[in-house]
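Participant: Now that you have both chains on their own, put them together as the hints suggest.
Protein sequence lines correspond, in order, to chains A and B. Using full-length UniProt numbering, read the first sequence as starting at 1 and increasing by one per residue. Using full-length UniProt numbering, read the second sequence as starting at 1 and increasing by one per residue.
One-sided excerpt, in silico: chain B residues whose CB lies under 7 Å from chain A:
hint: 1; residue: V19
hint: 2; residue: L24
hint: 3; residue: L27
hint: 4; residue: V28
hint: 5; residue: E29
Here are the computed lysine to aspartate or glutamate pairs in the EDC-like style, where the Cα-Cα straight-line distance is at most 20 Å:
hint: 6; chain 1: A; residue 1: K8; chain 2: B; residue 2: D12
hint: 7; chain 1: A; residue 1: K44; chain 2: A; residue 2: D33
hint: 8; chain 1: A; residue 1: K36; chain 2: B; residue 2: D52
hint: 9; chain 1: A; residue 1: K25; chain 2: B; residue 2: E38
hint: 10; chain 1: B; residue 1: K82; chain 2: B; residue 2: E103
hint: 11; chain 1: A; residue 1: K36; chain 2: A; residue 2: E59
hint: 12; chain 1: A; residue 1: K63; chain 2: A; residue 2: D33
hint: 13; chain 1: A; residue 1: K40; chain 2: B; residue 2: D56
hint: 14; chain 1: A; residue 1: K25; chain 2: A; residue 2: E75
hint: 15; chain 1: A; residue 1: K46; chain 2: A; residue 2: E59
hint: 16; chain 1: A; residue 1: K36; chain 2: B; residue 2: E38
hint: 17; chain 1: A; residue 1: K63; chain 2: A; residue 2: E45
hint: 18; chain 1: A; residue 1: K44; chain 2: A; residue 2: E54
hint: 19; chain 1: A; residue 1: K25; chain 2: B; residue 2: D30
hint: 20; chain 1: A; residue 1: K46; chain 2: B; residue 2: D52
hint: 21; chain 1: A; residue 1: K19; chain 2: B; residue 2: D22
hint: 22; chain 1: A; residue 1: K44; chain 2: A; residue 2: E59
hint: 23; chain 1: A; residue 1: K40; chain 2: B; residue 2: D52
hint: 24; chain 1: A; residue 1: K44; chain 2: B; residue 2: E38
hint: 25; chain 1: A; residue 1: K44; chain 2: A; residue 2: D55
hint: 26; chain 1: A; residue 1: K36; chain 2: A; residue 2: E54
hint: 27; chain 1: A; residue 1: K25; chain 2: A; residue 2: D70
hint: 28; chain 1: A; residue 1: K19; chain 2: B; residue 2: D30
hint: 29; chain 1: A; residue 1: K19; chain 2: A; residue 2: D33
hint: 30; chain 1: A; residue 1: K19; chain 2: A; residue 2: D70
hint: 31; chain 1: A; residue 1: K63; chain 2: B; residue 2: E38
hint: 32; chain 1: A; residue 1: K74; chain 2: A; residue 2: E28
hint: 33; chain 1: A; residue 1: K36; chain 2: B; residue 2: D51
hint: 34; chain 1: B; residue 1: K44; chain 2: A; residue 2: D41
hint: 35; chain 1: B; residue 1: K80; chain 2: B; residue 2: D70
hint: 36; chain 1: A; residue 1: K63; chain 2: B; residue 2: D26
hint: 37; chain 1: A; residue 1: K63; chain 2: B; residue 2: D30
hint: 38; chain 1: A; residue 1: K73; chain 2: A; residue 2: E28
hint: 39; chain 1: A; residue 1: K74; chain 2: B; residue 2: D22
hint: 40; chain 1: A; residue 1: K8; chain 2: B; residue 2: D30
These are computed hints drawn from the structure, not numbers from a lab. In this text, a Cβ means the ideal position worked out from N, Cα and C, and glycines have one as well.
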Amino acid sequence: MRATINQKLTEMGERERLKELLRAKLTECGWRDQLKAYCKDVIKEKGLEHVTVEDLVVEITAKGRVLVPDSLKKELLQRIRAFLAQHAT
Amino acid sequence: MKMEEVSMSSLDNSKLEGVAQDILSDLVEDACLGVCFEVHRAVKQGYFFLDDTDQDSMREFEIVDQPGLDVFGQVYNQWKNKECVCPNCSRSIAASRFAPHLEKCLGMGRNSSRIANRRIVTGGNNTNNKSESDQEDNDDVNDNDWSYGAEKKAKKRKSDKNPNSPRRSKSFKHKSGMLGPRRRTDNQDGPHMLMNDEGFSQ
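The following block holds chain B by itself, in its conformation from the complex (with noise of 0.2 Å):
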């Protein structure tokens, strides 16, 4: 009895084997008929072909596999560590730092136009119109724009004292509760300085 069932499984195992790779036989010509159609249909059609160059183009337009350059055969961080001149200060600057320094070098972009302003609202306030030389590295005054009287004025101070490193004026990063040291000695607090005519001329 043993015996026989055994033997009747494994037959029943090979039947179900030769079922399944009749399946899968089915199935892989399935997809094989689907690429035939497909392929019959675009060579009536005339669109089969319609991707291939002729051998000189394909072989030019290849993608570049190499190491250092990109698919299309570029060097990509070829300009990494150039510098450039600039044509108005005749200055070197550094390939990243180009942008910003010609947008303040030439005068356009947002921020320029911010700092001309202010020049404009203290122009005529201050006889003292001593305008800052190094345009460029004036990031500090571009950041807040709510307070123009006293950062102006301050800052005016400051930068007539220290013309060629405006950065050093550490005061001006705590704009919206401190006033830097400068300040105090005016008759001015921050804030307030907007109700002031001096402060906001329109």
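Okay, chain A solo, but in the shape it has when bound (with noise of 0.2 Å):
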């Protein structure tokens, strides 16, 4: 079953269209700043010759995740229960 909607989600344009609006609201609140300096921080304490994709993609997704807003994510979680709720039975 989650296939199927996942499916739907990407051909229905659902899925870009979120994406976009996740990253456009994202911006606005400014969590994509506040992760931009958490960055500087982790880069620094790694040395800047020596950061790889794999220490920031381990360090920046954890701290991502914990700081997106709540309203933020339930705005999200509404949309996608439409979504989910017209498409998926």
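Facilitator: Pasting the structure below:
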């Protein structure tokens, strides 16, 4: 069931729309800047020359998830639920 | 039957909720990865720390957020009420009127040349060549260009009468049609002045 839902999400363009919406809202609320500042700390710690993608990914995604404001999460969940209600059954 | 249906739907709901949460999680992770790749590229290409300077400079140029000041820390209405002394006539002028005053006073700027032109025209016609002493206050002179002669002659007499308060010449506000009382004593009408030689010498 999950596969079909995901497929529908992508096919109907809803996934892209949600992505864009999320990105815009995250930038608006300062999440991006916060995360970038955190990146600076991580990089200064690890050393500019030795930073790898893996390092960044591990640290950043963990922090990024935490930093997303609750209101934004709720908003997106509502949209997703609405989509599911319409197309999932 | 009903009980099963209820439990079935609640199961569905919790499943759906789980799916929704997963989707959200995917989206957030996408956004995070986007930032990661951007940052990593910036680091490797060397432009990540480009906009940073040393701490002292950062503090020096920080945005100012105080009442009465703009973001640069300047007082923005500092010269509203100040007065400036004109270097030409040594009068004390209000700051907002200073630039137009200088224009007239120094004889530069568009309007000043118009006044000068007019005076040249009537300067050869009138033996009484008393030019206006207060150049800069004659804003009314500059309002209408088409009827040189009538205005000038009438204006001359007015200014002879009132050299220090030319703004009282209200007749010049109705230049297009109505002629002031003064002009009726002349033998000329406003628009037709242009036909006469004396009104329009080239």
